[in-house]
Each structure stands twice: as C-alpha cells, then as structure tokens.
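Novice: Sequence:
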Amino acid sequence: MLKIRTSQAPVESMIVILADCILIYRCWVTYAYKWKVVVLPIFLWVAYIVFSVLFLYTSTYQLMHETPITLTINRLYKVSIGACFICTIGINSYATSFIIFRIWNLANRTTEPPDRRNLTLTIRIIAESGLLYTITSILALITGVAYLELKNTSSSIASSIFAAINLNMTGIAFNLLLIRVALNRTSASTSSSLRQSIPMFNLEHDDSNTSQERIPDSTDDPMKARAPADANV
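Just so we're aligned, residue 1 is where the sequence shown starts under full-length UniProt numbering, counting upward by one.
To be clear, the hints were calculated from the coordinates, so they are not data collected in a lab. Keep in mind the model is a prediction, meaning the values are calculated, not measured. Every residue gets a Cβ at the ideal spot worked out from N, C-alpha and C, and that includes glycine. It cannot be assumed that every hint is accurate.
Claimed, not checked - Pairwise CB distance ranges, derived in the manner of DEER restraints:
#, residue 1, residue 2, range
1, Leu178, Val145, 31 to 39 angstroms
2, Arg109, Cys21, 25 to 33 angstroms
3, Asp115, Asn152, 48 to 56 angstroms
Whenever a hint applies, use it, and build me the whole structure from the sequences.
Specialist: The following block contains the structure:
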C-alpha cells in the first residue's frame, strides 16, 4: 500500500496542483482580477504544495529505511496526508462558492429573461462540478484517516478505491464543466439559427413594420385633391 501511494504521489500532486490553480484563476477573473479575493485560496494552494512535498519525503523515507520508523516521521506522514486533503477541499469550496455568489449577483441585476436563464444554468453547472470533486475528496480523506488508524484490509481497500475515484474525479469535474458550457452555447446558437430560418418567427416583426407604413392619401397632395373638381368643370 505504501509503495503504491509513494509511486503515485508525484503524479497525483501535480494533477491537483494544476486543477486548483486553474480554479483559483477562474475565481480571480470572475472578480475582475482582484487579488484580495484569492488571497486565501492561494495560501491554501501553497500549503498544499508544501504538505505534498512533506508527504513524498516521509513516504520515501519509510520505504528506504528498514529500521522501525520514528514517531516524528510517522506523525508527519499522517499530518501531511490529512493536510493535503484539507487544503484542496478548502480551495474548491472557497473558489466555487465565490464564483457562484458572483454570478448569482449578476443574475439578480439582469432583467432580461434569456440572460438570467443562462446565468442560472451556469451556476448549476459550476455547483455540480465543484460538488462532485468536493464529495469524493471528503470520502477519500475519511477512508485515508481510517486506514492510518486501523491498518486493516477493509480500510486499505476502501482507501485505495476512494483515492482512485478522487484522482479521476479531478479530470472528470474539469471536463464536465467544459462540456456542459459548450453544449449550452451550441443549443443557444441552434435556437437562434432556427428563429432566423423559420419565417413564422418573423411574422410579428413584419406586421409591425407593415403597420408603420402609411398608405398615401389624396389629402397628402393638394393638387390631387383639386383634380376631380377641375375635371367636372
């Protein structure tokens, strides 16, 4: 179990670091490049890097030394695992919540129904993606702590399963967000194209233009109004 985790640790850490960095960047852009909004997630991001390095060091130390592990190394190993999960959960919860809050404010200020509907759909997409990764991270944290305390077969299997799910969920949540947004844009453009191609949608517009056109009357031209009287004479 320790050999597997140690061999996977660099790859898992790089994936989480990149994913959290992109999420922090999105939050920063959403709030018009205000640094004070992303101070806390940046601090957690740096802390995650430090604890992931500490985890890699302590796990490698346990593999390289056959002598009994000291209490300090064992404590650092356990603390680094829990701290890594707490940092990434904090980053995702903070950034996702702030992005949703920002879009929700914009939706309340918007009076156009199509714009409000699009913003509401965006909130739902971001919430679903963030919730998936947050839930799997919490489950991986719980099973990981259970394995460190119990060290039996059941906890080892559960920890391995949820750790693998959490690693894959990082990419799934990221791609799910991109796919849902792309589908929303495609459906919106398709609906707009249909409205332009079907004449029935333009009847109201044409009628309004027709009603604005005034039929010329004989009273508009004084010469035409006097023409019938001159003919009778």
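Novice: Each of the hints needs a verdict: does it hold here or not?
Specialist: Hint check results:
Taken as a hint, the range 31 to 39 angstroms holds for the pair Leu178 and Val145, whose Cβ atoms sit roughly 33 angstroms apart. For Arg109 and Cys21, the Cβ-Cβ distance of about 30 angstroms falls inside the hinted range of 25 to 33 angstroms, so the restraint holds. For the pair Asp115 and Asn152, the supplied restraint of 48 to 56 angstroms holds, since their beta-carbon distance comes to about 55 angstroms.
In this structure, none of the earlier numbered hints is contradicted; all agree with it.
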